[in-house]
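Asks: So the chains spell out like this:
Number of protein chains: 2
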Amino acid sequence: MFETAELGRSLQKDEYESALPDLRARLVQAQIDLKKTPSRVLVIISGVDGAGKAMTVNRLNEWLDPRGVNTHAFDTPSDEERERPFFWRFWRTMPVRGRIGIFYGSWYTEPLIQTVYKKQKQADLDAAMRRIASQEQMLAEDGAIVLKLWLHLSKEAQYKHLKGLESDPHRHWRVLPTDWKHHRLYEKFIRVAGRMIRLTDRPHAPWNLIEATDDRYRDLTSGRLLLAAMEQALEVTKKTSAIGRRDAANPRLKITPVGRNRTILDRVNLKKSLSKDAYRKQLVRRQAEWNRLVWKAADKGVSNVIVFEGWDAAGKGSCIRRVTEAIDPRLFQIIPVAAPTEEERAHHYLWRFWKWLPRDGRVTIFDRSWFGRVLVERVEKFATAAEWSRAYAEINDFEEQLCRHGIVVHKYWIHLSKEEQLARFQKREKVKYKRYKITDEDWRNRAKWNAYKAAVNDMVAHTSTGNAPWTLVPGNDKRYARIFILKDLCKRLEKVLK
Amino acid sequence: MFETAELGRSLQKDEYESALPDLRARLVQAQIDLKKTPSRVLVIISGVDGAGKAMTVNRLNEWLDPRGVNTHAFDTPSDEERERPFFWRFWRTMPVRGRIGIFYGSWYTEPLIQTVYKKQKQADLDAAMRRIASQEQMLAEDGAIVLKLWLHLSKEAQYKHLKGLESDPHRHWRVLPTDWKHHRLYEKFIRVAGRMIRLTDRPHAPWNLIEATDDRYRDLTSGRLLLAAMEQALEVTKKTSAIGRRDAANPRLKITPVGRNRTILDRVNLKKSLSKDAYRKQLVRRQAEWNRLVWKAADKGVSNVIVFEGWDAAGKGSCIRRVTEAIDPRLFQIIPVAAPTEEERAHHYLWRFWKWLPRDGRVTIFDRSWFGRVLVERVEKFATAAEWSRAYAEINDFEEQLCRHGIVVHKYWIHLSKEEQLARFQKREKVKYKRYKITDEDWRNRAKWNAYKAAVNDMVAHTSTGNAPWTLVPGNDKRYARIFILKDLCKRLEKVLK
Chain A
3 MFETAELGRS
13 LQKDEYESAL
23 PDLRARLVQA
33 QIDLKKTPSR
43 VLVIISGVDG
53 AGKAMTVNRL
63 NEWLDPRGVN
73 THAFDTPSDE
83 ERERPFFWRF
93 WRTMPVRGRI
103 GIFYGSWYTE
113 PLIQTVYKKQ
123 KQADLDAAMR
133 RIASQEQMLA
143 EDGAIVLKLW
153 LHLSKEAQYK
163 HLKGLESDPH
173 RHWRVLPTDW
183 KHHRLYEKFI
193 RVAGRMIRLT
203 DRPHAPWNLI
213 EATDDRYRDL
223 TSGRLLLAAM
233 EQALEVTKKT
243 SAIGRRDAAN
253 PRLKITPVGR
263 NRTILDRVNL
273 KKSLSKDAYR
283 KQLVRRQAEW
293 NRLVWKAADK
303 GVSNVIVFEG
313 WDAAGKGSCI
323 RRVTEAIDPR
333 LFQIIPVAAP
343 TEEERAHHYL
353 WRFWKWLPRD
363 GRVTIFDRSW
373 FGRVLVERVE
383 KFATAAEWSR
393 AYAEINDFEE
403 QLCRHGIVVH
413 KYWIHLSKEE
423 QLARFQKREK
433 VKYKRYKITD
443 EDWRNRAKWN
453 AYKAAVNDMV
463 AHTSTGNAPW
473 TLVPGNDKRY
483 ARIFILKDLC
493 KRLEKVLK
Chain B
3 MFETAELGRS
13 LQKDEYESAL
23 PDLRARLVQA
33 QIDLKKTPSR
43 VLVIISGVDG
53 AGKAMTVNRL
63 NEWLDPRGVN
73 THAFDTPSDE
83 ERERPFFWRF
93 WRTMPVRGRI
103 GIFYGSWYTE
113 PLIQTVYKKQ
123 KQADLDAAMR
133 RIASQEQMLA
143 EDGAIVLKLW
153 LHLSKEAQYK
163 HLKGLESDPH
173 RHWRVLPTDW
183 KHHRLYEKFI
193 RVAGRMIRLT
203 DRPHAPWNLI
213 EATDDRYRDL
223 TSGRLLLAAM
233 EQALEVTKKT
243 SAIGRRDAAN
253 PRLKITPVGR
263 NRTILDRVNL
273 KKSLSKDAYR
283 KQLVRRQAEW
293 NRLVWKAADK
303 GVSNVIVFEG
313 WDAAGKGSCI
323 RRVTEAIDPR
333 LFQIIPVAAP
343 TEEERAHHYL
353 WRFWKWLPRD
363 GRVTIFDRSW
373 FGRVLVERVE
383 KFATAAEWSR
393 AYAEINDFEE
403 QLCRHGIVVH
413 KYWIHLSKEE
423 QLARFQKREK
433 VKYKRYKITD
443 EDWRNRAKWN
453 AYKAAVNDMV
463 AHTSTGNAPW
473 TLVPGNDKRY
483 ARIFILKDLC
493 KRLEKVLK
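Keeping their order, the protein sequence lines are chains A and B.
Sequential numbering of the first sequence, starting at 3, is according to this note's numbering.
Sequential numbering of the second sequence, starting at 3, is according to this note's numbering.
Don't take every hint at face value.
For chains that are exact copies, the list does not tell them apart, and a pair is met inside one copy or across any two.
As the list claims (entries may be wrong) - Keeping only pairs whose Cα atoms sit at most 30 Å apart, straight-line, the calculated BS3-like set for lysine-lysine is:
| hint | residue 1 | residue 2 |
| --- | --- | --- |
| 1 | K37 | K434 |
| 2 | K183 | K157 |
| 3 | K15 | K480 |
| 4 | K38 | K439 |
| 5 | K240 | K123 |
| 6 | K183 | K298 |
| 7 | K432 | K15 |
| 8 | K429 | K15 |
| 9 | K357 | K38 |
| 10 | K183 | K302 |
| 11 | K38 | K383 |
| 12 | K357 | K37 |
| 13 | K357 | K383 |
Hint data in this document are derived by calculation from the structure and do not stem from the laboratory.
Whole structure, please, built from the sequences with the hints as guidance.
Replies: Right, dumping it as structure tokens:
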């Protein structure tokens with residue numbers, strides 16, 4: 003695989019210098035054009051030790067307008083990073099639309115090193131590569147250009163390079179102790195890297211092997227590849243004018259037809275109710291149990307993510323209050339999800355949820371969530387059919403990462419009859435301090451009841467997974483719903499803590 | 003001091019319930035109005051154990067529209083937080099303009115506990131209170147409403163409360179082991195809290211003592227205080243229409259008159275230069291030394307903040323490159339500072355710099371910085387005279403916090419003659435890939451040379467402090483400037499590491 007990067011390519015100084023002005027001018031121009039698009043660039047710099055990854059990063063930074071570039075060098079993760087799923091640290095440094103992010107070290111580093119050092123098996127490497135490929139595909143489909151550079155040296159070239167540095171009194175500090183260690187592991191490293199590249203070399207995020215024995219050749223090639231990727235993406239954007247449209251021809255999922263059909267929601271028994279007395283007794287009992295379990299989870303470092311979805315006026319807020327008033331405020335946070343801000347729109351739609359994932363042992367409660375993508379964004383056509391069609395798999399991958407990290411994921415849809423909703427709307431409008439809760443939007447949503455019903459049916463069909471199943475809550479009786487949720491939370495958390 | 007909060011106040015159920023609808027309606031309305039202003043609210047909830055801080059937080063959350071509120075409960079700091087100055091964790095959770103932030107636990111908690119537990123002396127408490135008072139004043143002057151609630155119980159009331167909870171089988175879990183410990187320390191705790199309150203009870207951020215024996219009285223009083231603070235602030239905003247204008251009558255600093263006067267910049271010897279040969283030799287030597295020192299600092303957990311300011315075309319970018327190409331990319335980040343984004347404008351102007359402070363052992367390089375407040379924002383009148391006048395002290399406080407944490411702060415102004423700048427502008431315009439660096443703005447800035455000179459003089463006069471002095475760099479000869487900076491960086495860091 004690496005033979006094509008061991009051909010002894012090099013560049014004369016005058017060749018290099020004559021090519022540079024045009025390349026730099028076009029790079030800067032492409033940056034200016036990029037700013038006007040919803041696109042963004044992620045450059046991943048990997049390769050063999052001694053191939054000059056850091057120098058290439060510096061060179062790209064020199065050539066580009068630094069105001070449009072973020073460079074991130076990933077070192078040992080901090081505890082805040084270790085206490086979240088693997089990809090969290092990369093999401094927090096993701097470039098926004100219109101900008102370039104350069105990753106020195108990336109999601110490839112850890113799986114590669116772990117496998118070379120025999121801390122994990124090849125199957126683990128393969129599984130990690132599958133997750134990375136999904137992640138990159140998702141970013142690419144969202145309009146990101148994912149440019150992956152592998153800077154290569156043969157074992158011989160690596161040896162020469164390290165020796166050369168060592169004998170230079172002013173540059174010997176550039177040789178790190180791990181460099182020689184890695185040199186001895188060269189064959190193994192290259193074998194694993196080869197597999198890693200093969201499994202993640204995809205049309206939406208291809209690998210580029212660059213021969214790195216000659217600095218000028220390496221730098222100019224990197225710059226040219228970046229330029230080509232940007233110009234190509236700009237060309238596509240120009241033709242299609244919006245990224246969403248680009249995939250208009252993409253395949254879509256079969257969906258539930260909108261109408262009077264039976265859906266999963268018709269299976270929810272809305273007659274369930276609870277007397278005031280029974281409710282009061284149950285509430286103190288369940289809250290005490292929930293409190294005990296949340297403290298135990300905190301001690302064990304088990305975190306919970308709780309998603310609340312449901313019809314307008316289903317009582318999400320009052321359920322959340324019963325869940326949180328029983329636990330220590332230091333252990334939870336509530337994230338109310340409204341229309342995305344400017345900053346959030348400049349990222350992938352999952353970004354704003356990644357951001358709030360709890361540390362180990364904590365609880366995050368989402369009042370509405372990433373499922374907006376396949377509910378309101380689908381019904382209101384804020385997302386294209388291709389976009390929300392692929393969102394089911396994206397969401398499943400996302401939740402899988404949460405579960406892999408040991409987070410307990412709870413998902414509640416609070417169901418309500420159409421009549422009960424009307425009664426609550428009318429009641430709210432009569433109470434002065436609840437009036438703000440009912441807006442024209444709520445009435446508009448209500449008019450689309452059947453469309454939402456179909457969307458909920460598809461959502462449950464596609465995203466109720468083994469580790470993160472949907473729980474449908476009978477919500478016509480508020481007391482019943484609150485106790486139902488507290489019981490379910492306790493049951494699921496207790497099972498994990500056993 | 004606390005006598006006024008031990009009067010046995012309470013509220014009948016019907017009184018409470020009849021007051022509630024109006025209070026809630028007005029709170030929600032005030033939130034709606036707040037959104038349209040550049041103001042924001044910070045509610046700090048403190049008080050005696052058992053006084054119901056968490057319950058008050060829940061109650062306020064119930065009454066307010068949750069989409070406009072962020073609640074933060076501060077627990078033990080994470081390592082990312084411990085590795086930054088004390089206030090960092092609070093800045094990262096600060097509410098943006100138009101929103102309400104509720105802090106359960108705050109910057110008061112640690113100094114209070116440390117003093118009660120005798121881990122620090124009263125002088126340390128006093129010093130911490132001085133820093134907190136400055137911080138709160140700065141936020142208030144920026145348009146934040148800082149509402150501080152102290153929920154109070156007498157020792158006797160605390161005892162009754164804890165006993166009552168313990169004997170209730172469903173609520174005994176609400177009593178934490180530390181609660182009894184704190185009860186035994188009650189007198190001490192109250193003495194320290196009293197001093198803390200006295201030292202930070204200021205017109206811009208007053209303390210409100212609330213008697214907390216009766217839940218209804220406590221909650222209603224908290225809600226009413228929040229409402230009053232918001233309505234008052236909205237009244238002020240209405241009258242003045244912009245926060246900046248509010249302080250038009252405020253005192254200003256004496257400043258350097260704009261004109262042909264001698265300034266500190268005239269003391270810089272611009273004739274200094276370095277031959278190409280000498281430069282090359284010095285560069286490898288200084289870079290090797292700088293590399294060695296940065297690794298040593300990383301080992302010791304000493305971080306560096308390096309600020310680059312200077313005239314347009316002074317060569318900041320090329321100096322930064324010489325500084326960074328010698329060090330491991332995992333150890334530093336460069337933050338180019340341009341016009342603030344929407345998100346950044348929704349915060350205090352220092353917020354975006356707090357955000358990027360390095361972890362222990364790392365280096366952050368700011369390419370332009372917080373000094374923009376007293377340079378471009380002053381000259382271009384983006385900030386009012388009162389705003390930039392008080393910025394000197396705000397910046398000194400900010401840098402003091404960095405130094406207190408052990409960060410080495412380096413500040414370079416790269417100086418240039420007006421003639422040399424002209425030559426560089428003209429040269430840049432001739433090179434295709436450098437042309438983007440020269441904009442109309444640069445020419446406009448150049449026309450205001452004397453105004454900037456006066457601003458630089460004031461900046462150096464007011465912010466060149468013992469721990470964070472300004473270094474003026476002769477920049478007419480680029481080679482000389484680069485070596486000068488590398489040498490200075492090494493000298494200053496070496497001194498700290500000794």
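Asks: 30 Å Cα cut-off: does K357 pair with K38 within a copy, between copies, both or neither?
Replies: both (26 Å within a copy, 26 Å between copies)
Asks: Quick one: K37 to K434, C-alpha cut-off 30 Å, is that within a copy, between copies, both, or neither?
Replies: between (46 Å within a copy, 20 Å between copies)
Asks: For K429 vs K15, is the C-alpha pair at or below 30 Å within one copy, between two copies, both, or neither?
Replies: between (79 Å within a copy, 23 Å between copies)
Asks: When no copy is named, should K357 and K383 be tagged within, between, both, or neither for a Cα gap of at most 30 Å?
Replies: Intra 25 Å, inter 36 Å, cutoff 30 Å: intra-copy only.
Asks: Is it within, between, both, or neither for K183 and K302, if the alpha carbons may be no more than 30 Å apart?
Replies: between (37 Å within a copy, 25 Å between copies)
Asks: For K432 and K15, with the copy left unspecified, which applies at a CA distance of at most 30 Å: within, between, both, or neither?
Replies: For K432 and K15, only the inter-copy Cα distance (22 Å) is at most 30 Å; the intra-copy one is 80 Å.
Asks: With identical chains, the pair K183 and K157 could be close in the same copy or across copies; at 30 Å between alpha carbons, which is it: within, between, both, or neither?
Replies: within (13 Å within a copy, 65 Å between copies)
Asks: State whether the alpha carbon distance between K15 and K480 is at most 30 Å within one copy, between copies, both, or neither.
Replies: between (77 Å within a copy, 23 Å between copies)
Asks: Since the copies are identical, ignore which copy is meant and state whether K240 and K123 lie within 30 Å (CA to CA) inside a copy, between copies, both or neither.
Replies: Result: close neither inside a copy nor across copies, 45 Å intra and 66 Å inter.
Asks: When no copy is specified for K183 and K298, does a C-alpha distance of 30 Å or less occur within a copy, between copies, both, or neither?
Replies: Between. Shortest inter-copy distance 22 Å satisfies the 30 Å Cα cut-off; intra-copy 43 Å does not.
Asks: Have a look at K38 and K439 and pick one of within, between, both or neither, based on CA distance no larger than 30 Å.
Replies: Cα proximity of K38 and K439: across copies only (18 Å, versus 37 Å in one copy).
Asks: Give the relationship of K357 and K37 under a CA distance limit of 30 Å: within one copy only, between copies only, both, or neither.
Replies: both (24 Å within a copy, 23 Å between copies)
The structure is inconsistent with hint 5 alone, although it conforms to all the rest.
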